[in-house]
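> Sequence:
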Amino acid sequence: MSSAYEPSDTYSDLHSPRSEFTGDEFQPDPAAAFVFTFHPVDEELGPDQRWSTWLEVERGSRGPEPRPPWVVTEQAAIDTELGVLKTGKEADVFLIERAVEAIGDNPAKSSLLAAKRYRTEEHRSFHRSASYVEGRHTRNSRDSRAMAKKTSHGRGVAAGQWAYAEWDALNRLWKAGVPVPYPVQVDGTELLMEFIDDGEGGAAPRLAQVRPSKELLGGYFEQLRDGMRELARAGLAHGDLSPYNVLAQDERIVMIDLPQVVDIVGNPMGMDFLMRDCHNMATWFTNRGLEIDEQELFADLLTMVF
Numbered sequence: 009m010s011s012a013y014e015p016s017d018t019y020s021d022l023h024s025p026r027s028e029f030t031g032d033e034f035q036p037d038p039a040a041a042f043v044f045t046f047h048p049v050d051e052e053l054g055p056d057q058r059w060s061t062w063l064e065v066e067r068g069s070r071g072p073e074p075r076p077p078w079v080v081t082e083q084a085a086i087d088t089e090l091g092v093l094k095t096g097k098e099a100d101v102f103l104i105e106r107a108v109e110a111i112g113d114n115p116a117k118s119s120l121l122a123a124k125r126y127r128t129e130e131h132r133s134f135h136r137s138a139s140y141v142e143g144r145h146t147r148n149s150r151d152s153r154a155m156a157k158k159t160s161h162g163r164g165v166a167a168g169q170w171a172y173a174e175w176d177a178l179n180r181l182w183k184a185g186v187p188v189p190y191p192v193q194v195d196g197t198e199l200l201m202e203f204i205d206d207g208e209g210g211a212a213p214r215l216a217q218v219r220p221s222k223e224l225l226g227g228y229f230e231q232l233r234d235g236m237r238e239l240a241r242a243g244l245a246h247g248d249l250s251p252y253n254v255l256a257q258d259e260r261i262v263m264i265d266l267p268q269v270v271d272i273v274g275n276p277m278g279m280d281f282l283m284r285d286c287h288n289m290a291t292w293f294t295n296r297g298l299e300i301d302e303q304e305l306f307a308d309l310l311t312m313v314f
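In our numbering, each residue carries its 1-based index in the sequence shown increased by 8.
In case anyone wonders, no lab produced these hints; they're calculated from the structure. A virtual CB, placed ideally from N, CA and C, is assigned to each residue, including glycine. Please note that the accuracy of each hint is not assured.
Pairs of lysine-lysine residues, derived as BS3-like cross-links and limited to a Cα-Cα distance of at most 30 angstroms, are as follows [to be verified]:
(1) K183 - K97
(2) K97 - K117
(3) K183 - K117
(4) K183 - K94
FRET-style restraints, in silico, Cβ to Cβ [as the list claims (entries may be wrong)]:
(5) G297 - T61: 41 to 47 angstroms
(6) D205 - T61: 19 to 25 angstroms
(7) G207 - T61: 27 to 33 angstroms
(8) P276 - E66: 16 to 22 angstroms
(9) A116 - R75: 16 to 22 angstroms
(10) G297 - Q57: 46 to 52 angstroms
(11) R241 - K97: 42 to 48 angstroms
(12) W59 - V92: 29 to 35 angstroms
(13) D301 - P213: 23 to 29 angstroms
(14) R260 - K183: 14 to 20 angstroms
(15) F314 - T61: 40 to 46 angstroms
(16) E259 - L90: 25 to 31 angstroms
Work out the full structure, taking the sequences as your base and the hints as a guide.
Below, the structure is given as structure tokens:
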């Protein structure tokens, strides 16, 4: 008779298939958990490429949640500059592809972004700044002094303020349901946002460039009025709204260029800016055959403010 302390045949046979387990047939060998499969990644970047800056920016500088599924957040993604979309008075807009290759079980992913890069004061010709920024404040006193003295640091701060002003506006309006591009991220003087395409790979045309049917024209106006109402409900006016700052993406319109968004009540000229927005858009729609009374539109928006 074997001793009660003598190992049984089950555990004494070192050649048994069970020997790969450590004392319990349902507990795997810990060493097996440290087996990795490596996939080499080409780290050579072209002259118009950079690694994605998504994880380099502060948490509050990335787009609001829930994020659209097309937003690429992988650290291994590469940004490739594809060309210039627009040159403007205060900023230039570039087309960027943010893409990540397939790695292991993770599929490849890519999206097109509009990169708006604000110029410093000596390189821009945005002469209406003072009236738009009435009521805005700079928290950092050092930055305020530098801006007042127009030092190189101050000029950089001023350019960054316009980028962050548009970033804040896009975040706020996106959440409110206003038809604006989704804001992806902001980093210094560069703002990355959704690229609004024409469905064929190019940029969507501005409203001023299209000749919609009467039915589509009415649809455009309904969307525009709803967007202006949501702006007004938030106490804001676009401040520079015109057919050149509205994109027509098939049957959908999208408002763009929002760094100068105006507090209707807090800015002494807020009502004037709102009235001008109404005048510009009512004139365009009326000239296209859809009679719009700018005073009625203005009065309708005021009911959203007060």
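> All hints, please: hold or fail.
These are the hints, each one checked on the structure:
1. Restraint check for K183 and K97: the C-alpha separation of about 28 angstroms stays at or below 30 angstroms, so the hint holds.
2. The suggested pairing of K97 with K117 is violated, with an alpha-carbon distance near 34 angstroms, which exceeds 30 angstroms.
3. With a C-alpha separation of about 25 angstroms, the suggested pairing of K183 with K117 holds against the 30 angstroms cut-off.
4. Between K183 and K94, the direct Cα distance comes to roughly 26 angstroms. Compliance with the 30 angstroms bound is thereby established for this hinted pair.
5. Taking 41 to 47 angstroms as the suggested C-beta distance range, the pair G297 and T61 conforms, at roughly 46 angstroms.
6. Between D205 and T61 the Cβ separation comes to about 23 angstroms, which falls inside the hinted range of 19 to 25 angstroms.
7. Range check, G207 to T61: Cβ separation about 28 angstroms, and the 27 to 33 angstroms hint holds.
8. Our hint of 16 to 22 angstroms for P276 and E66 is violated, since their Cβ atoms are close to 33 angstroms apart.
9. In this structure, A116 and R75 meet the distance hint of 16 to 22 angstroms, their C-beta atoms being roughly 19 angstroms apart.
10. About 47 angstroms separates the C-beta atoms of G297 and Q57, a value consistent with the hinted range of 46 to 52 angstroms.
11. Between R241 and K97 the C-beta distance comes to about 29 angstroms, which lies outside the given range of 42 to 48 angstroms.
12. Remark: the range hint 29 to 35 angstroms for W59 to V92 is contradicted by a beta-carbon distance near 22 angstroms.
13. In this structure the supplied range 23 to 29 angstroms holds for D301 paired with P213, their Cβ-Cβ distance being about 27 angstroms.
14. Taking 14 to 20 angstroms as the suggested C-beta distance range, the pair R260 and K183 conforms, at roughly 18 angstroms.
15. Evaluation of the 40 to 46 angstroms hint for F314 and T61 yields a pass: the beta carbon distance comes to about 42 angstroms.
16. In this structure the hint that E259 and L90 lie 25 to 31 angstroms apart at CB holds, the actual value being about 26 angstroms.
Hint check: violations occur at hints 2, 8, 11 and 12; the rest are consistent with the structure.
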